Each structure stands twice: as structure tokens, then as C-alpha cells.
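S.K.: Listed below are the residues making up each chain.
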Amino acid sequence: MKNFYSVYDVENVNALVKRCHEIKNDPFGNREKGKNKLLVLLFFNPSLRTRLSTQKAAYNLGMDVICMNMAEGWKWEMEDGSVMKFETAEHVKDAARVISSYADIIGVRTFPTLKNKTEDYKDKVINALMKYSTVPIVNMESSILHPLQSLTDLFTIREKKGNKSLKVVLSWAPHPKALPQAVSNSFLQWMKVVNINVTICNPAGYDLDPSFTKGHHIVHSQNEAFNEADVVYVKNWSSVETYGQFLPHEKDWMITKEKLDKTNDALLMHCLPVRRNVVISDDALDSDNSVVIEQAGNRAIAAQAILENLLE
Amino acid sequence: MKNFYSVYDVENVNALVKRCHEIKNDPFGNREKGKNKLLVLLFFNPSLRTRLSTQKAAYNLGMDVICMNMAEGWKWEMEDGSVMKFETAEHVKDAARVISSYADIIGVRTFPTLKNKTEDYKDKVINALMKYSTVPIVNMESSILHPLQSLTDLFTIREKKGNKSLKVVLSWAPHPKALPQAVSNSFLQWMKVVNINVTICNPAGYDLDPSFTKGHHIVHSQNEAFNEADVVYVKNWSSVETYGQFLPHEKDWMITKEKLDKTNDALLMHCLPVRRNVVISDDALDSDNSVVIEQAGNRAIAAQAILENLLE
Amino acid sequence: MKNFYSVYDVENVNALVKRCHEIKNDPFGNREKGKNKLLVLLFFNPSLRTRLSTQKAAYNLGMDVICMNMAEGWKWEMEDGSVMKFETAEHVKDAARVISSYADIIGVRTFPTLKNKTEDYKDKVINALMKYSTVPIVNMESSILHPLQSLTDLFTIREKKGNKSLKVVLSWAPHPKALPQAVSNSFLQWMKVVNINVTICNPAGYDLDPSFTKGHHIVHSQNEAFNEADVVYVKNWSSVETYGQFLPHEKDWMITKEKLDKTNDALLMHCLPVRRNVVISDDALDSDNSVVIEQAGNRAIAAQAILENLLE
Numbered sequence: 091m092k093n094f095y096s097v098y099d100v101e102n103v104n105a106l107v108k109r110c111h112e113i114k115n116d117p118f119g120n121r122e123k124g125k126n127k128l129l130v131l132l133f134f135n136p137s138l139r140t141r142l143s144t145q146k147a148a149y150n151l152g153m154d155v156i157c158m159n160m161a162e163g164w165k166w167e168m169e170d171g172s173v174m175k176f177e178t179a180e181h182v183k184d185a186a187r188v189i190s191s192y193a194d195i196i197g198v199r200t201f202p203t204l205k206n207k208t209e210d211y212k213d214k215v216i217n218a219l220m221k222y223s224t225v226p227i228v229n230m231e232s233s234i235l236h237p238l239q240s241l242t243d244l245f246t247i248r249e250k251k252g253n254k255s256l257k258v259v260l261s262w263a264p265h266p267k268a269l270p271q272a273v274s275n276s277f278l279q280w281m282k283v284v285n286i287n288v289t290i291c292n293p294a295g296y297d298l299d300p301s302f303t304k305g306h307h308i309v310h311s312q313n314e315a316f317n318e319a320d321v322v323y324v325k326n327w328s329s330v331e332t333y334g335q336f337l338p339h340e341k342d343w344m345i346t347k348e349k350l351d352k353t354n355d356a357l358l359m360h361c362l363p364v365r366r367n368v369v370i371s372d373d374a375l376d377s378d379n380s381v382v383i384e385q386a387g388n389r390a391i392a393a394q395a396i397l398e399n400l401l402e
Numbered sequence: 091m092k093n094f095y096s097v098y099d100v101e102n103v104n105a106l107v108k109r110c111h112e113i114k115n116d117p118f119g120n121r122e123k124g125k126n127k128l129l130v131l132l133f134f135n136p137s138l139r140t141r142l143s144t145q146k147a148a149y150n151l152g153m154d155v156i157c158m159n160m161a162e163g164w165k166w167e168m169e170d171g172s173v174m175k176f177e178t179a180e181h182v183k184d185a186a187r188v189i190s191s192y193a194d195i196i197g198v199r200t201f202p203t204l205k206n207k208t209e210d211y212k213d214k215v216i217n218a219l220m221k222y223s224t225v226p227i228v229n230m231e232s233s234i235l236h237p238l239q240s241l242t243d244l245f246t247i248r249e250k251k252g253n254k255s256l257k258v259v260l261s262w263a264p265h266p267k268a269l270p271q272a273v274s275n276s277f278l279q280w281m282k283v284v285n286i287n288v289t290i291c292n293p294a295g296y297d298l299d300p301s302f303t304k305g306h307h308i309v310h311s312q313n314e315a316f317n318e319a320d321v322v323y324v325k326n327w328s329s330v331e332t333y334g335q336f337l338p339h340e341k342d343w344m345i346t347k348e349k350l351d352k353t354n355d356a357l358l359m360h361c362l363p364v365r366r367n368v369v370i371s372d373d374a375l376d377s378d379n380s381v382v383i384e385q386a387g388n389r390a391i392a393a394q395a396i397l398e399n400l401l402e
Numbered sequence: 091m092k093n094f095y096s097v098y099d100v101e102n103v104n105a106l107v108k109r110c111h112e113i114k115n116d117p118f119g120n121r122e123k124g125k126n127k128l129l130v131l132l133f134f135n136p137s138l139r140t141r142l143s144t145q146k147a148a149y150n151l152g153m154d155v156i157c158m159n160m161a162e163g164w165k166w167e168m169e170d171g172s173v174m175k176f177e178t179a180e181h182v183k184d185a186a187r188v189i190s191s192y193a194d195i196i197g198v199r200t201f202p203t204l205k206n207k208t209e210d211y212k213d214k215v216i217n218a219l220m221k222y223s224t225v226p227i228v229n230m231e232s233s234i235l236h237p238l239q240s241l242t243d244l245f246t247i248r249e250k251k252g253n254k255s256l257k258v259v260l261s262w263a264p265h266p267k268a269l270p271q272a273v274s275n276s277f278l279q280w281m282k283v284v285n286i287n288v289t290i291c292n293p294a295g296y297d298l299d300p301s302f303t304k305g306h307h308i309v310h311s312q313n314e315a316f317n318e319a320d321v322v323y324v325k326n327w328s329s330v331e332t333y334g335q336f337l338p339h340e341k342d343w344m345i346t347k348e349k350l351d352k353t354n355d356a357l358l359m360h361c362l363p364v365r366r367n368v369v370i371s372d373d374a375l376d377s378d379n380s381v382v383i384e385q386a387g388n389r390a391i392a393a394q395a396i397l398e399n400l401l402e
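Quick note, the sequences are listed as chains A, B and C, same order.
Residue numbers are given in our numbering: position 63 of the first sequence equals residue 153, and the series is strictly consecutive.
Residue numbers are given in our numbering: position 44 of the second sequence equals residue 134, and the series is strictly consecutive.
Residue numbers are given in our numbering: position 13 of the third sequence equals residue 103, and the series is strictly consecutive.
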């Protein structure tokens, strides 16, 4: 694996998930592997789970880690050939090569603007880093993808439900602010690769981009989707069609225990943070269906599997 | 010890102080104890001494450390059952459990608002963390207590004055801003546990909360308090009665060398940072009475004793 | 070496450069040297290269590192005897001694105000730290000097051009904002010590301070300077005479490939970050003359040579 940008960088997804199981059973077995190796994490946006879990993963491999809050530093120029007399102080092509000369692996988090779909979906920052860096890049959530989350999600599903055939639902849920589509897009990519046809349910106007929903199944009724569901993955996202917009609040879409009771005793999953009683009700989050805390814990396992692979 | 919230979590305070002496003589003797253990430090407020000393303590034990500036991240919801459609993005019950799944020990600093005594004295953030975390919590200064400072203070007193009977004074001093009562409250708790009856001196209107002053002795004359004093612990705090208020500036309460000369050659102690020539004069701070720098250095020893204990 | 403030702290500059070569060939050979040693880095200003390279250097020596963003914390008082009732919460003399009690080496970055030359050129913060600290201080760019950069520069020149006699040019170049003179001042100090007479070229009004240019040669024609040049070191700086001012933009001073073609196939050097097509054109930066990326990479080598020396 050269970079970890998306599921398509992974040679064998099932082998990777198997490796996650092994790491969970023996997290310190590879403590020598990252000796004398430096991981540099660049956060252009806030992070709790990703920062903690990725650093923990690196420490478990014996790596050194430097975590940079990029909001504090100089702005990067993204356009080739520009005359940099305004806001940007360094070109990404120079920054990428310089950081590469110190780091053995670089992780980056960079959210979309949610203002211009064409621009956001180019995923410019991470693509430029991958182009110019001379060391592997790890996607810690880009404008459109969050593969460390999705590997976690797949691993958690396998851990809890095994390899049997499953009805997996991705349900939109309400949220007071416009959010990225990265977690959902990425989830759909990973499920497709392991041949799980996801039932996506969302209100009209919230269909995800066809490049990610292709091969899955969209319905606009939560009721229909939840029937016989084995996994309910909950996530808010802003509109793709009316790009980045927060359409009228669909209060009826909040996930409740009552709704879960109509499933096939489904796992309740969410990437967190979750706004309680807006996205998911307390009674659902605190029920036995919910695996959200263990799912978050698995982030460290997934990150360790990826870093370990990139160190090879 | 399950958590380190206050002196009441310590089984044997004298044994802990003895352990501080041993650690100071051999700070690296336990470097293997924290191997493969992760300390996560959550700072909701600025910190210099606490951050440096606690991290150093962890490194001396061979732990890995992640330090989070929580002012940069998402706000936490503290109320159970709330509909989180406003400012808060994650409930403390979820955050606590998630961080616990990565960390072996969690430290937290969280200052009071100084606006509402009832709320501040509930010490909500750290209590919620202790309630929901599945790993030990270390109080790195909460709304009302600063036990790492107090263990340092007791250790410094024992180091300098031995176990003999002492007249210990806690003196209020002027400060241009309203400050918390945590350092003073906590100092009184620890002194009480080791049977030192503290003479607290402060202007009228600045009496500390009775739950902390009980068993000690309040006077409103610095002159009377300093007479025969062996230790003068200096600290500003805002009013408890007129909660969080900064009452008219009591200039005469500044600690000077002239005042120290009327004591029994007392140790001059302060938790730092200290505003020179406002709280304590240069001639007092730079005199042989002052142990403030060594006291600050002992913060790393106290933190190491606590972390070591929690790792057991 | 007690502190690393400037080239004058180095006993033998040529031996230090030789050590850089050895470290580059074997960066992990001294991984035990910094065991149980703590490096504390204080950043009063943003940093990418310095932060990454200095931390990496410390990790390669097996040190623990704590990096503090000082813009977030309490302001330091610099004046002796002041009554600290206003903005500053801690005196540098106390902060320096406290940090010394935790750290084995302290690094500090502190930029000039560019408002008052007399004050800036006193380099107060780092001088106060050196005065009061009980452990070595490393200059990670002060108001007037950047010796880690200069050691890097000298090492890079020796690496690429050997020890032969060279025509080294320091060329001013345009920039949209007023910048410090530290990199240029420091470069001139180091070149002088190794007996390289630098040809400095800048527009009228931009002559550097005579204390740094003494023993070098100032011309006001880039054309004249570049003729037969073996090294072209490019840097913008604000005016020293009209202190800290950004004089009318001298567009013709941008470094281009066309200009480099008139040199003796000169190395193109710059400390980065560089504003492309303002300071240096794309065609020059992307030409074979440019060593700016390798130069930036060498920052980690130089830092390791200095830390290693201070650990002795």
C-alpha cells in the first residue's frame, strides 16, 4: 500500500480485517516495528477520536509522533503557478516535500468547505499531499472520505455479526448543522468492496452522490429500511444536490429504541460525536443494540492495522 | 486508589509523601512501570507547570502521553436527557467512555466559571468524567480542588521542615483579577488529614467555604497570623460569600520581606504563577525564605507518585 | 557549549559541520544519549520546519519532548522590579527557573515586533531565559538570529560544494509583508566565522545592520552580485534603517532562472516557507540549481548535532 486514501488502496480488505482481530488480541506485539519511525499528523480541523486513536496506534507500534494544529500556522497555496502575494505563505508542493523529509508517514485531516461541490469533491489538499509527498499519506478524513472510520466500521460489524449475510442500513438522521458526506461516502465504498449491498434511507433531497450510492439501494422510508435490518448505521449529512445545504429539519428521522425494536435486533452504529436526542435518542444509544463506544475504541485498532501496513 | 480527585482518595498520605522522597532520589527507577500505557491529558484551561510536570512524570514512568487542548475542540454536554441541538456536540458520558477506551489514565483541568457557586462547587466536569470513565481520572485542578498542588505542598513542607509540629499560615494576598479557591481549599483538606491546624488569614469578606475551613482557624489580621509562623503559604482567591467577586483591593495584604522577618523564619510558599510586587514583593520572593521554585519543581515528583499509584 | 544562542557559542564550527555529515549517515547511532532527558520547546510564534525538525532530532537522540504553544498561555513580564498588576501573569525569571526544573534543554522561538529596533535588537526574551534558566537554551529563531538555520545552511553548502573557495551571495528578494532580519543576520555571522566573505545585494534602504555586514560586501545591484556566484542565498527582510518598514515593492528583485543562468551554476538556497513567483519564480525553484528541499531536510541534522552537543 503506497497511501491510504480509500478502500481502493487496500490489496485485501478481508485480510486487513483479520489483522484487526489479531491486533485487538495482541496490541503490543509489534512494538518494535515502528522504532526510529516518525508519524506526523496534520489537523486542519478539530479531532478527538482520530487524534487519540491514531496516536495510540502509532505508540503501540513504537513510533514517534508529532501532531500539528494546522489552523495555527501558515496557509498553504494549492494552485500551480500562482503569484503568492496574498494570504498563502507556502505552496503545498513545498510543504509536502519538506514534511516528507522529516516524516516516515504523514496523516492529514481536512474538511470540505460545503460551499462548492466541484471543488470539495476534488479533495485537493490530500491529493496534493499524495502527489508531492515522498512518504505514505494516511487519510484521517478528507473532504469526501473517511476510510479509517470505515475500516473500523467493517471490523466492528464482523466482530459482532461474523461473516454471515446481513441487511445493513445506512440511515440519515437530523442534525442542527450542515455536515460533510465523508463518513457515509466512505462507508458505502467499503461495503461495496466486501459485497454488502447497503440499504440507504434518507429524506428526499438528501440522496448521496451517485458515484458512491451505485450498487447500493436508496429508499426514502426509514420504516421500510429498518425492517429486518441487522445493522443500522446512523449518520447525518448535508444535501449533495443542493450542495452543503441544511434542508428543513426532518425531526421524524431521529433514531429511537422504538424504531430499533422493529429491526432484526440490529446493531446501532455511529461514528461519534453524536448529538443525543437529536440524531439518536437516549433510549436507543443506551440500549443493548448500541455498539458506538466499542466502535470508537476500534478506531485505534484500525489505525494500527493501517500504520503497520504502511511501515512495511 | 481508583481516581485521584482529592486527598480522600489516598489510602495513606504519609506513605505517599515518603514515596515522593524516594522518587526525588531515583526518578527513573520505575521507567518500565508505564510501558505500553497511555496518559491522556485534557486541558480546558491554560497550564504551564501542570502540563510540564505531569507529562514529565509520565515520561519518567515510561508512559506515552497525549495532551489535548480542549478549548479548540467540540463543547461537551453535561446535562442528562438534554436535546443537543445547540452548542454542545458531544455528551460527557460518551466522551468519557470513548477516551477511556484509548487511555489508561486520564488527567483533566477544568476551572470554575466564578459566576455561580452552587454550580461550580458541584465540580461537574470532573465528576462526570469519574462517573463515566472506565479508567482512573486525575484531577489536574478542578473548579474547587487542586490535589496535585497540595501533595506537592505537603511534600515540600516535610522536605524542608521534617515532621515536627509547625505553625502553618495560609495567607490571602492581593491580585488584580478574581481567582478560583481551588488551591486554598485543597491545601486545607490535605493539612487537615495530616493533623495540621492551619491559621488562615484574609480580609473580611474573603473567608473560604466552611466545609474547607472547618478544623482550621481563621483570623483577619495578617500580623497576628504571621507571628511565630513556620510556613507562610500565600494565595489569592476571590470571595466565596460574594461569590467570585473581586472586592476592593487590599493593598496592605501584599507579602513582603519585612512581614516574613516577623515570623519564625518561615518558608514562603506559593503555587505560581505569581504577580511580583502585587501578591508578593520582590524582596520576599528573592529571599532565602522563598522555596517557590523548588516547590514548583516538586510538582513533577508529586505527579509521578500519583501516576505510579494509579498504574498499580 | 552552555547555550546555543549564536555561532559564537560553538567551539569548533568545522567540527560541528563534520558531525552533521556523520549524523546524516547514521541518524540513530546516538539513540541512547538522550534517554531520560526532556526537551521543552516554547513557541511564541508559529513554526513548521523548526518544530518538526527539532522534535525529530530529539527523538533520534531518544529524548522526550514537550512542545508548548506559548501564544495560548499567560504573558511573561520582562522588566525587573515591575508591579505586575496589568497584563503579565508571570515573570520570565520565575518561568525560566520553573521550566528549568523540569527540562534538560529548553528551545525557544520568539519573533521581533519590528516596531522598535533598539528593543528588538536586545533580544530580551531569549536573553532573559539564558540569564535565569539553569539548563541550556537553544535559539529556535530569536528577534535577531536563527542559528539552527545557519548551521543548516553552512552544512548544506559544504555538502554540495565541499570546502573549496566560493562566491556566496545573499540576495534580498521581494515579499508582500515586513519580515525579520534574523535569518540573514545569522547567515552573515556564520559565514564570517568560516572566513567566507559574502556578497550581500539588496535595494537601497535595505542594508542590514553594520554589526552583521561588517567583513562582508554590500552591493545594490543583483546583476553584479550574481556574476560568478557559486551560491545564491535568497531572503527577504524588512528595512533596518527605516526599521521594520516594508519599502516600495522592488519587483525586479525576484529571483528567476534567467538570473541564475548568469551565475556559476549557483546553488539556490532559501530557508522556506517561500512565496512562489514573488520571492523566487517557479522556474528557479523547480530547477536543478535549487536545493531548498534538501536544505530544509538538513534542519533535522543540524538540530540533532546541537542537541547532542548540549547533552554532553
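Honestly, the hints are just simulated from the structure, not real lab data.
Keep in mind that a hint or two might mislead.
For identical chains, the list gives no copy identity; a pair is met inside one copy or between any two copies.
[Unchecked claim] DMTMM-like cross-link-like pairs, simulated, lysine to aspartate or glutamate; straight-line CA separation at most 25 Å:
#1 K304 to E402
#2 K114 to D194
#3 K175 to D376
#4 K212 to D170
#5 K214 to D342
#6 K254 to D299
Since we're looking at a predicted model, the values are computed, not measured.
S.K.: Against each hint, give a clear statement of whether it holds in the structure.
M.R.: These are the hints, each one checked on the structure:
1. K304 to E402: neither (33 Å within a copy, 53 Å between copies)
2. K114 to D194: For K114 and D194, the Cα distance is within 25 Å both inside one copy (24 Å) and across copies (16 Å).
3. K175 to D376: between (54 Å within a copy, 19 Å between copies)
4. K212 to D170: within (15 Å within a copy, 41 Å between copies)
5. K214 to D342: Result: close neither inside a copy nor across copies, 36 Å intra and 32 Å inter.
6. K254 to D299: neither (28 Å within a copy, 62 Å between copies)
Hint compliance for this structure: hints 1, 5, 6 are broken, all remaining hints hold.
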